[in-house]
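A.B. asks: Construct all of the structure, not just a fragment, from the sequences and the given hints.
Just remember that our numbering sits 26 ahead of the position in the sequence shown, which is counted from 1.
Mimicking DSSO-like on lysine-lysine, the simulated pairs with C-alpha atoms at most 30 Å apart in a straight line are:
{"hint": "1", "residue 1": "Lys78", "residue 2": "Lys99"}
{"hint": "2", "residue 1": "Lys120", "residue 2": "Lys134"}
{"hint": "3", "residue 1": "Lys94", "residue 2": "Lys124"}
{"hint": "4", "residue 1": "Lys115", "residue 2": "Lys138"}
{"hint": "5", "residue 1": "Lys134", "residue 2": "Lys115"}
{"hint": "6", "residue 1": "Lys138", "residue 2": "Lys165"}
{"hint": "7", "residue 1": "Lys115", "residue 2": "Lys99"}
{"hint": "8", "residue 1": "Lys134", "residue 2": "Lys124"}
{"hint": "9", "residue 1": "Lys175", "residue 2": "Lys165"}
{"hint": "10", "residue 1": "Lys94", "residue 2": "Lys78"}
{"hint": "11", "residue 1": "Lys94", "residue 2": "Lys138"}
{"hint": "12", "residue 1": "Lys94", "residue 2": "Lys120"}
{"hint": "13", "residue 1": "Lys94", "residue 2": "Lys134"}
{"hint": "14", "residue 1": "Lys99", "residue 2": "Lys138"}
{"hint": "15", "residue 1": "Lys94", "residue 2": "Lys115"}
{"hint": "16", "residue 1": "Lys120", "residue 2": "Lys99"}
{"hint": "17", "residue 1": "Lys78", "residue 2": "Lys134"}
If you are wondering where the hints come from, they were derived from the structure by calculation, not from laboratory data.
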Amino acid sequence: MDIRLMDLDSPLFNTLQRIMDFTEDAEKNLNAPTRTYVRDAKAMAATPADVKEYPNSYVFVIDMPGLKSGDIKVQVEDDNVLLISGERKREQEKEGVKYLRMERRVGKFMRKFTLPENANTEAISAVCQDGVLTVTVNKLPPPEPKKAKTVEVKIA
Numbered sequence: 027m028d029i030r031l032m033d034l035d036s037p038l039f040n041t042l043q044r045i046m047d048f049t050e051d052a053e054k055n056l057n058a059p060t061r062t063y064v065r066d067a068k069a070m071a072a073t074p075a076d077v078k079e080y081p082n083s084y085v086f087v088i089d090m091p092g093l094k095s096g097d098i099k100v101q102v103e104d105d106n107v108l109l110i111s112g113e114r115k116r117e118q119e120k121e122g123v124k125y126l127r128m129e130r131r132v133g134k135f136m137r138k139f140t141l142p143e144n145a146n147t148e149a150i151s152a153v154c155q156d157g158v159l160t161v162t163v164n165k166l167p168p169p170e171p172k173k174a175k176t177v178e179v180k181i182a
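C.D. replies: Following this line, the structure appears as structure tokens:
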């Protein structure tokens, strides 16, 4: 068949166009972020934190009003990533009560912090007081400087 005789409305051309469109759509879907990634990104963006460095420790401060200690997790992943996560649940609705406005944030929250090399991941404490979570990561003592080694020079 001579391709010059085919016009743009031919069934063969339409089929080829649909196949090309399908592969483009499939590529877009493969590169799209997963739902878990989007949820985690939103949770991280909605959880502000202050990070302080003291001579002997690092301190992470996060506002967590209304949460109980069982609602908060503090973990260390991959030996140097501090993960603070949890969930604020919606109150049980009582019969006869309806919300006129609901502004307090509910849902999951999460923050990840890459810890420096001198962070002691075995010495971490977390305290939640008056709605403020304070996580303290102690520093490792600095390594002792190696003493210079003197080598005796022999004359041959």
